[in-house]
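**Student:** Following the hints, put chain B in place on chain A, whose structure we already have.
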Amino acid sequence: MRVKKKYLIEWLLIILSGILIYFLVDNDAFLYKDPVAQIVSVTNSKATKTEDTYKNKDMTTEQTLKVKVLNGHRKGEVLTAKNTFSKSGGYDQRFYRGQKVFIKFEKSDGKLMAMINNYKRDVYLIMLCWAVVVLLFLVTQIRGFTSLISVILNFIIFLLCVQLDVKWNINNFFWIFATVAVIFLALSLVLVIGFNWQCLVTFSSIFIGTTLAMIIGVVAMQVTNDKGVHYEALDFATQSPKQLFLAATVIGLLGAVMDAATDIVSTLFEMKRTQPGISRKQLFISGQNVGKSIMGPLVNVLLLIFFAETVTMAVLFFRTGNSIAYTFEWTMSLGIIQSLISGIGITLVIPSASLLSSLVLGSDNK
Amino acid sequence: MSTITLLTIILFILMWIVGGKRGLASFSSVALNFILLFLTVIFISIGIPALWTTIFAGIAILAVTIYMGNSDEKTTNIAFEATLISLAIVVVVMVPFIKLVGIQGFSPEQSEEIEAFNLLIGVNFESIVISTMILSTLGAIAEAAIAIASGLDEIIEQQPDITLPALYTSGRNIGLQIMGMTFNTLFFGMFGGDLALFILLYKLDATFGYYLNSKIFVAESMEVLFSSISIILVIWITTYMMGKKVRRT
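Chains as they are written, first to last, in the UniProt record's numbering: chain A, 1 to 366; chain B, 1 to 249.
Everything labelled a hint here was simulated from the structure, so no lab data went into it. Remember, it's a predicted structure, so these values are computed and weren't measured experimentally. One or more of the hints may lead you astray.
Said to hold, decoys possible - Using 27 angstroms as the maximum straight-line C-alpha spacing, the simulated BS3-like pairs for lysine-lysine come out as follows: (1) B:Lys203 x A:Lys49; (2) A:Lys87 x A:Lys33; (3) A:Lys104 x B:Lys203; (4) A:Lys87 x B:Lys99.
Here chain B stands alone, though its shape is the one from the complex:
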């Protein structure tokens, strides 16, 4: 048995034990998203425009992530709407920005890995990097939206007569901590993911200016920064929408 198979089985069992039915649904959502992502890569490879493929896949992935494993429809609807709004805002800002920065394709640090390849493969690397950014942003906003919506929902459930200002205060309290921690998830993800790169850059005696301009470092940082922007937006929007919902009912 391969390591991946064994770990997948362990994850499946644990999610089942801890989450029960919802755990199973969550596991299926992960599996489904994996298939969606894999298809996205294949579609991009056979030449279907990367940006549109990603936007369609992205909305599907968001729906799967938010609706599967969450039975409470009110919370999930709000989380879904909030993620779509913030995703739209971020994509509109991101696309022209990435065109300016020139971070598509591979960087000189990767030259060893890619030297066996001919890189003139007729795909648009610029739209691939945009896809990359959208995909990594998606997960972070979906998670933040769900966390804040379900947190607020627990509070509303426990105190159905909560006033709007009190709900906003609670929303801010939870929101700030969720924001802080989601930042950490992102940055630790980056530190972890780029550990080898950081060691290499240090060994190469990279200067501060090198970090600020190198293609790969700028690309990695932008991914985290765009995700941070979208997290701040989504927490703001979700709290506001939860508040409106409470006032309506």
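Okay, chain A solo, but in the shape it has when bound:
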């Protein structure tokens, strides 16, 4: 009975916290400097059909919106705003009554109008974060939170380094991010595994795997003279694209290699815990076995993550009459190189993790 009561309280608290957070974030307009407004009425005009040179048919509709300002010195005023949305929605959005938006004030013909600047999405983002935290709590109780803390800490360090990178503005900024990668690695391992032998073994094998893969990648680029690589296709590049690309690669690579190494090392340490007398050879073989079975899936994860990023852009390229080869080269080649280098890192870390753990853990008497 007492156990049931405990669960009841737990669930009540979870639901209450959800409602409370939703309510707070939904009404946080006063925290923003930019004016926030809520849409109170929507009038749609008739849709206009369009067709481009590639015979792509679409429709656009104009909306006249009445919005009520929620913050700032014009709080409470109701203004008119215009919006155009297309059926496909590539760069625009259809608005509905009750939604909240960021606006700018604009005078046209002496009349004050509102111009919609951005849609207010913070509620959804924060509710999703809340859902992750709740789920993590339900499944792991408190223990799972160390991984959450490590992610948050890493994110803070990452932002600090982005700041440093912009401030210093040095030529070889790749090394800033390579150093960050090592800090990430050490921090996450200590937080998730704890500071012990397992941590040291994992660290060393990951370090070896990542460095080797990076060297192989850079040498391969040198040897082939970057043939077929368009660094200028890198999105949002404001610094030397090649270095930016390498920095991005080393961080992504580290994540993947870390995953492979931890899977192997943690399984081997768990085996040692359940069977203290296990031999070196057996450990090495088991490590290789775990490695072999996760190698394929891991490389596939990377492939999927990178591919997902390119879908929207690739569809745009295809629909506007570009060939498969051209689309591939300009939207996918950079991502593929990153995935390949990560794949190489994953493959290299399997023997190094198995070997190091079996050396540390195995008993000689077998």
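**Tutor:** For chain B alone, kept in the frame of chain A given last:
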């Protein structure tokens, strides 16, 4: 020879040396998945509904990822079932949620890249973003399921008479670490992938509120958060199913 060709050859050789036959199978699975993904993009481009294309391709990709390169049928069956269940749960939650958030298409930060294009191309960008989310979630859950199932399987093999509570304890031990590390893979993937974006946003003096509302940042974060949710689910479900299997035999 282009850089991609050379790196592909190096990866092929390394996977062969390290994994032997299973390495070759794993490499083929990657190649096959690449073809499947490429076809998915082409199908979406010619106007076949993106959501259904992705769900069909997704199940095929999961099957390829889990079954190719893994000879042990018991483990792989469980991993496959567990991924399908958690994928179904996540998709059901994800679809209405994404419709609310409005993260389809391109963001203002990308305006320079897309200014040469006419964006009225008659595809449904909303279902494309859902496809994107499903695809990036798929890989993470398949990997987590395989990792935990094969980890538990090694333990069951070494100690066939392990008790159910002991197996669950081991499952929790391995599961927690796998979870932590898979989170890291995802987040590092995001940090790495969006490094240039972060630098740009910093240079633009983006405020905290900007991050919370900007289309591209919210979209990228949601991808990682949905993947995290599905990883937690899949580890939970896989451990439970492995336990049931042990009790049955």
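**Student:** Under the constraints set out in the numbered hints, which ones does this structure not fulfil?
**Tutor:** 1 and 2
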